[in-house]
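Knowing the structure of chain A, use the given hints to seat chain Y on it.
Here the protein sequences line up with chains A and Y, keeping their order.
Each residue of the first sequence is one higher than the one before, counting from 1 in my numbering.
Each residue of the second sequence is one higher than the one before, counting from 67 in my numbering.
Hints should not be assumed to be uniformly reliable.
Claimed, not checked - Calculated pairs, EDC-like style, for lysine to aspartate or glutamate (alpha carbon to alpha carbon, straight line, at most 20 Å): (1) A/LYS35 to Y/GLU331; (2) Y/LYS328 to A/ASP29; (3) Y/LYS328 to A/ASP30.
In short, the hints are calculated from the structure, not lab data.
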Amino acid sequence: MTDILVHLLLFLFLGTAIVTLGTFHSDADDARARKVWPRRMLGFFGGCALLILVMLVCEHTFAALG
Amino acid sequence: MALDPNPARRGDPNVAALLTWFLPGAGHAYLGQFGLGLALFVLVEGLFFLGLWLCGGMTFEFLDPELRSPLAPVLSPELGNLGGILWQMRNYGFGPGIVRPFPDTIVFGSMLTALSGVLNGLAMCHAHTLARASSAPAAHRVLLPTAAGFVVPGLGHLMQGRRTRGLVVFALLMSCFVLGTLLAEGSNLSRERHFYYWAGQFGIGLPGMLAELAFGSARVTRDIAYVDGGLVFGCVAGLLNLLALIDVYGWSESAELGLPRKSSESAPAPAASKVEIRL
Numbered sequence: 001m002t003d004i005l006v007h008l009l010l011f012l013f014l015g016t017a018i019v020t021l022g023t024f025h026s027d028a029d030d031a032r033a034r035k036v037w038p039r040r041m042l043g044f045f046g047g048c049a050l051l052i053l054v055m056l057v058c059e060h061t062f063a064a065l066g
Numbered sequence: 067m068a069l070d071p072n073p074a075r076r077g078d079p080n081v082a083a084l085l086t087w088f089l090p091g092a093g094h095a096y097l098g099q100f101g102l103g104l105a106l107f108v109l110v111e112g113l114f115f116l117g118l119w120l121c122g123g124m125t126f127e128f129l130d131p132e133l134r135s136p137l138a139p140v141l142s143p144e145l146g147n148l149g150g151i152l153w154q155m156r157n158y159g160f161g162p163g164i165v166r167p168f169p170d171t172i173v174f175g176s177m178l179t180a181l182s183g184v185l186n187g188l189a190m191c192h193a194h195t196l197a198r199a200s201s202a203p204a205a206h207r208v209l210l211p212t213a214a215g216f217v218v219p220g221l222g223h224l225m226q227g228r229r230t231r232g233l234v235v236f237a238l239l240m241s242c243f244v245l246g247t248l249l250a251e252g253s254n255l256s257r258e259r260h261f262y263y264w265a266g267q268f269g270i271g272l273p274g275m276l277a278e279l280a281f282g283s284a285r286v287t288r289d290i291a292y293v294d295g296g297l298v299f300g301c302v303a304g305l306l307n308l309l310a311l312i313d314v315y316g317w318s319e320s321a322e323l324g325l326p327r328k329s330s331e332s333a334p335a336p337a338a339s340k341v342e343i344r345l
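So that you can see chain A by itself, here it is in the shape it has in the complex:
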């Protein structure tokens, strides 16, 4: 359980860096970047959560050994 928590925290940290630098790259203006940052964070982590869900369903359906 601790291992999953550590992985999750590391992923959150790296995801934040990726989204923030991506926002800086797409918006040169700070005010505009600040405005779109929360939406981008939501999109990134929401998308990742969806991907995890799909992978878990696939694993459970096609690759379960139990």
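Below, chain Y without anything else, positioned relative to chain A:
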């Protein structure tokens, strides 16, 4: 008759950048800056051949046989100096196919050849800007913060007066790099061990080089629990710094050349203008 929309243009920016990619300084010579072109040629190729001499041309022998492919030079920082890497691959390639000892200076030498690639990348940006700028100092002003961003992540933004952005870039990227190094217990600081991850990590710039010179190539005697995580953190930090450098370059370019700043917001359609040309 086609009219040049920018009368200050000295030549085709793409041609200048491509020439520089093949031969450092050639783009500047094409734009009439012979002295600068010669200085860049000496600097970039000097670093490259010094590095090549120090590593005995054995950089790509770091790769295990199954990882050797034509993609190897494409995924290395030396690609920025295309002429150099082509010369190296033609003359040294992946070595004679037998295991042989590396020279003691291979780490530093390999770092210098990689640095020559990054420097030539910056020279390409400079040539591209110079072709469009009104004066050479304007092109220097575009390049200087970009180069500073490679020396220390975020420094370029600070030089442009974008303090908050610079501090955020510095804090995020440096903590990613340091955390990655701690997770991998320093094993990420070795091109020999992790050739491709190292290439991405090289984008973090001077901090990465100093860390490798100080703590790199440490002996690994046991399994490192989070080595994969550490490698990803280091590599992503380097790649994200390249994104930050593009942001710095774009900002300076907009300021010096009067171009619109990059925004995710859709730009309004330009108003139709009527240009009257009197002959």
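Here is what the structure says about each hint:
Proposed proximity of A/LYS35 and Y/GLU331 is supported: the alpha carbons are some 11 Å apart, at most 20 Å. Using a Cα cut-off of 20 Å, the hinted pair Y/LYS328 and A/ASP29 holds, with the two alpha carbons roughly 8 Å apart. Under the criterion of a C-alpha separation no larger than 20 Å, the hint pairing Y/LYS328 with A/ASP30 is consistent with the structure, at around 11 Å.
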